[in-house]
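Got chain A sorted already, so can you dock chains B, C and D onto it with the hints?
Protein chains: 4
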Amino acid sequence: MTMTKERIRIGILGASGYTGAELIRLLACHPQADIQVIAGERTAGQPLADVLPHLAMVDVPPLVKIEQVDYASLDAVFCALPHATTQAVVSAMPSSVKVFDISADFRLDNMDTYAEWYGGAHKAPALQNDAVYGLTEFYREQIKTKRIIACPGCYPTTSLLPLVPLLEAGAIDKDRIIIDAKSGVSGAGRAEKQANLFSEVSEAVHAYGVGRHRHMPEIEQELAKAAGQDITITFTPHLIPMNRGILATIYVKLADGQSVDSAYEVLARRYEQEEFVSVLPVGQTPATRHVRGSNYAMIGLAPDRVPGHMIIVAVTDNLVKGASGQAVQNFNVAFGFPEVTGLTQKPLFP
Amino acid sequence: MTMTKERIRIGILGASGYTGAELIRLLACHPQADIQVIAGERTAGQPLADVLPHLAMVDVPPLVKIEQVDYASLDAVFCALPHATTQAVVSAMPSSVKVFDISADFRLDNMDTYAEWYGGAHKAPALQNDAVYGLTEFYREQIKTKRIIACPGCYPTTSLLPLVPLLEAGAIDKDRIIIDAKSGVSGAGRAEKQANLFSEVSEAVHAYGVGRHRHMPEIEQELAKAAGQDITITFTPHLIPMNRGILATIYVKLADGQSVDSAYEVLARRYEQEEFVSVLPVGQTPATRHVRGSNYAMIGLAPDRVPGHMIIVAVTDNLVKGASGQAVQNFNVAFGFPEVTGLTQKPLFP
Amino acid sequence: MTMTKERIRIGILGASGYTGAELIRLLACHPQADIQVIAGERTAGQPLADVLPHLAMVDVPPLVKIEQVDYASLDAVFCALPHATTQAVVSAMPSSVKVFDISADFRLDNMDTYAEWYGGAHKAPALQNDAVYGLTEFYREQIKTKRIIACPGCYPTTSLLPLVPLLEAGAIDKDRIIIDAKSGVSGAGRAEKQANLFSEVSEAVHAYGVGRHRHMPEIEQELAKAAGQDITITFTPHLIPMNRGILATIYVKLADGQSVDSAYEVLARRYEQEEFVSVLPVGQTPATRHVRGSNYAMIGLAPDRVPGHMIIVAVTDNLVKGASGQAVQNFNVAFGFPEVTGLTQKPLFP
Amino acid sequence: MTMTKERIRIGILGASGYTGAELIRLLACHPQADIQVIAGERTAGQPLADVLPHLAMVDVPPLVKIEQVDYASLDAVFCALPHATTQAVVSAMPSSVKVFDISADFRLDNMDTYAEWYGGAHKAPALQNDAVYGLTEFYREQIKTKRIIACPGCYPTTSLLPLVPLLEAGAIDKDRIIIDAKSGVSGAGRAEKQANLFSEVSEAVHAYGVGRHRHMPEIEQELAKAAGQDITITFTPHLIPMNRGILATIYVKLADGQSVDSAYEVLARRYEQEEFVSVLPVGQTPATRHVRGSNYAMIGLAPDRVPGHMIIVAVTDNLVKGASGQAVQNFNVAFGFPEVTGLTQKPLFP
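Just so you know, the sequences run in chain order A, B, C and D. Residue numbers 13 to 362, in this note's numbering, belong to the letters of the first sequence in order. Residue numbers 13 to 362, in this note's numbering, belong to the letters of the second sequence in order. Residue numbers 13 to 362, in this note's numbering, belong to the letters of the third sequence in order. Residue numbers 13 to 362, in this note's numbering, belong to the letters of the fourth sequence in order.
Excised from the complex, chain A in its bound form (with noise of 0.2 angstroms):
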């Protein structure tokens, strides 16, 4: 991929949903985005101010259908599609164009586990070579020579950015790592479902997916990676009546020898040259709020009562950096640009 200054054409494939008006949002903004075209399946032809009304004054044509797409006048595409629907879409598209996608369809390694929680074969198997998982802060050297981004999901993102380091540096035990994760309902997507309803949602919290959620291979492939051997973790997420926002809190026990101060330290080094993520002084938390519409996170640590245990609470925007925001930041890392261009917004708070 070449370094350039010139902008770059982009498509936006799914654009009439949450994570794609975000893409929208945030590349009208960016300097060397060019969004040539938006498409959306049922809502092709429409202009995008009777779609998504609040981004009326950003000037982009129609929404078209995907399969109307031209994508050899485009240098990258965004995916923001359902999962299982993307493999077929980018396999028709030429090598040429750079892919960051948004769904689970290219994140996993391992083909039978994609089948076993996603519902059947993948249709695209060769394509996963060429794709890397998209944890920006991990994986830039791929990013930039990959052709397929597999940006994580929000939850995974949320977890993996405290427990990816810890468990590189041994400092916290590798069994009996429990995510109890709490996320806002834009992480369930635009579609009509009953349970998403605000009177269903409104003034109330429960967990769902309990023992069985499908982000749980991806968080697993990851933490496996990091620690050199296979992790099974404990992961409940639950539905919280906001917005935006993950906040995971994370019991874990602390390595021999460990403590609160030096799971610190860790991260403290591994991110302290990272603009996006930022670790709290030891015994501060954060909240959801701190990062609201922006591509930030944040991460806090806290000694467990229980001796040799230690909490670690982190939070995302799943909108942003647990999906558009990092689909861009990982844009700029393939492209040269600054990593930190069109994401400098800061969060919006109250």
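Check the hints yourself; a few may be wrong.
Any copy, or any two copies together, can satisfy a pair, since identical chains are not distinguished.
[To be verified] Under the rule of at most 25 angstroms between Cα atoms (straight-line distance), these lysine-lysine pairs were calculated in the PhoX-like manner:
# : residue 1 : residue 2
1 : 186       : 265
2 : 265       : 205
3 : 205       : 77
4 : 156       : 237
5 : 156       : 205
6 : 135       : 77
In case anyone wonders, no lab produced these hints; they're calculated from the structure. These numbers come from a predicted model, not from an experiment.
Okay, now just chains B, C and D, sitting in the frame of chain A:
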């Protein structure tokens, strides 16, 4: 305490806060309750309609100061006062008055523990002998005879209902019990704190009191009784942008030879005669919206992916079963009324 | 309709939506109600606990299809079906069954108006003669005798309660009545629509149906009766990010010689014997939280700064007094029970 | 004021409230802004990360007390202080400092009106001559030359943008203008008031200041200038359970010979060159979520059912175009920067 069908003369102290309001809401529909006096320090002199307009239709006299209450004319007093202020107030009451206390003042058997967590020595330690921990389903006999019913906090109620029978039955391990709890904002009370402003709380989630919440010792005290040995738990509360509700996600290790099914049997049997506690089929977990506004608790169990472990999800309404509703339930036990009297309202959804 | 203390055999059609759920919630605590059958098209065959887990403790048989209902065994049927579907269903019932309909199907006297606003000709116009508009406080006598009680919509109920007595008394001008209404999301029902997803509604407000909402003709019909002449109103509904509640802010011109105080007298006198309608002192206005979950309506009046004009604020819970609660109130009237039976629950705050 | 590409040295007073925080959020991304000092009375001495954790990544010195600010080293000061406190503070500044005030202190030309609505005589009436009402789209020339820019309130901004051009063009009647406004809670500020607690506001709506809100005289002052005569409006604000956003539903009578289409033409022409104000096609009305977090205003017009009348719906984000964003826009005008500098962020949805 004599059984009677006469109406019980009741005073409510701290009537202008959320638990006080909830007591009035419930007792106003209780056929044997006669609210004779309501007291509030800052609201004394005002009619209830000014302080709590939603209760304008309840026929009670205006609020008075606590020191104006004539206890001799009352049979029962409900205390909804701030922690550490109830001791002195109860000391001044004649022993003929039955006290239903929603504060933490009489919940802890150990006065040193009290002093450690509540900022100073207990002012009426002798009264502790007259008190019983008011978790109704476990202390009915003593609730009938003791003078002071120390109604449990919302977090303890929600946590103890599933854990106590499992520990008593030896179904789960006694160490490494992790309670990750999510609470609505009303649990923080009606006092004017920046942290509880709408704009601070809405559209966000955060953990608080990580590793050091005041409800811990109360939970550990009761778990220790059930387990027959000291118990140290991990407990992390989170603030959720909703008015009401507590959801506790509890991570436990099954005891040798036990399974999720056998644990289910323990709970199902324990609660089959209980009106207010229901145990869901294995694999189903409850939401806080399923108990909103009601005195019901719901418990669900699911297998953890990590073999030999189990995930428990329990919910209550923090202002009802977690506070004022349980106080009314105890009132019914104490005065010999059917336990469901005044508590038959179904949950409010949506 | 004979007065009876026997339990009334009840069917609820459309039991899995929000107004259906609310009917079950209320009738489950009604000492004379015997829910014998509940029906739902898409949920037939399921136990209530699966469809509405918050009502798991209510003892009713599983849902059936509407065509499976044996009306001959029922005394009363509550219809909580979509607009335009009730006509055919009621046509098929024996005349021995008393019908409490929450849809708009029998609210409009004029069949042309019905056809204009509800998308087609009425399918059972003859039945309209058997129907009465079920605004309890104004149609008690006919509710006792008519077979079909067409319970008003939430917007009409909230608007008519203050306006009808003022028009009847000649206290306000008949033209330029502006109703700016704010509604919770449950009023939109439980159907799967993108517009009602949590993330679309939360943290936002918008007007809808500006100048053309279906509840307008119903309001105008009843205002015309009160005024003795045709009335054309301005009505703008807004969607508010809350589950329940309607607040109508109504702008009117006082009639010559009238004042806010004299208007207050009209309303205060009109409602002094009514359990469920309260009129606040002049200058005070109610909030929706003051009636949440209850059958109460509250009305407040304040002088407009523009001389000779007045601002009215009225609130109800759209699912209770604005739908299912009023249906139960009408049921009480129709069967000769005390009107408050099953409706004495106080509002739920917070 | 000279045009310059140098960075402007800025102080922000009242930095720990919501409008102060919003100023920092926006100015941190403004290439010509150099925040040199931030001040807060109760938070002086603390780093910004402790007071506003979402802005921890912004590089500014810790907060100081207002009296510690050295104005001689500053080019511009943004005041986000409580009403009635800014006058004395500005009086103490050297005349070399350009002031962007978000309070109401310099908005009213008439000092008697000020005294009537803000509880006492103005303390620096002479400074009023140095001030201009900072509704950017209407006062650009004076914003360049005057020393004090009195940025409008959120309700006035949202109301004046549609009404001023319509009155100037004679498109609508001058009397019986009714503004029914709905506001998010952040408009009430960050002070600790019971009325703004989450549990008081959530899941509810109410009107406040009925007939007597402080923003009225400011609206009337500007409408009178546009109309060439005194104007008395009806204005009712409502509190909505959302953090941000103002929606004003405005009821007007069209002038003789005017139509909704001709009114649309007036607004469309007036704003076609304006970046931050957009006028929707007739019949479409905007939602607050369409402008959340941005400096945009959107206006929609629809015919009232009552012939000759029109309904206007206008939205802004109360903290951006309604406060801090407009202050930055004025800063750009005053210092000769492109008006959109630092304000190009698109709205945040969901």
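Here is what the structure says about each hint:
1. For a Cα distance limit of 25 angstroms, the shortest separation of residue 186 from residue 265 qualifies both inside one copy, at 8 angstroms, and across copies, at 17 angstroms.
2. Proximity of residue 265 to residue 205 under the C-alpha cut-off of 25 angstroms is found in neither arrangement, the shortest distances being 39 angstroms within a copy and 35 angstroms between copies.
3. Within a single copy, residue 205 and residue 77 get their C-alpha atoms as close as 23 angstroms, and across copies as close as 22 angstroms, so both meet the 25 angstroms cut-off.
4. Taking CA atoms no more than 25 angstroms apart as the test, residue 156 paired with residue 237 passes inside one copy only; the shortest distance there is 20 angstroms, against 60 angstroms between copies.
5. With identical chains, the CA atoms of residue 156 and residue 205 are never at most 25 angstroms apart, being 38 angstroms at best within one copy and 41 angstroms at best between copies.
6. For the homomeric pair residue 135 and residue 77, the shortest alpha-carbon distance inside one copy (21 angstroms) is at most 25 angstroms, but the shortest distance between copies (41 angstroms) is not.
Of the numbered hints given earlier, the model fails hints 2 and 5; all others are met.
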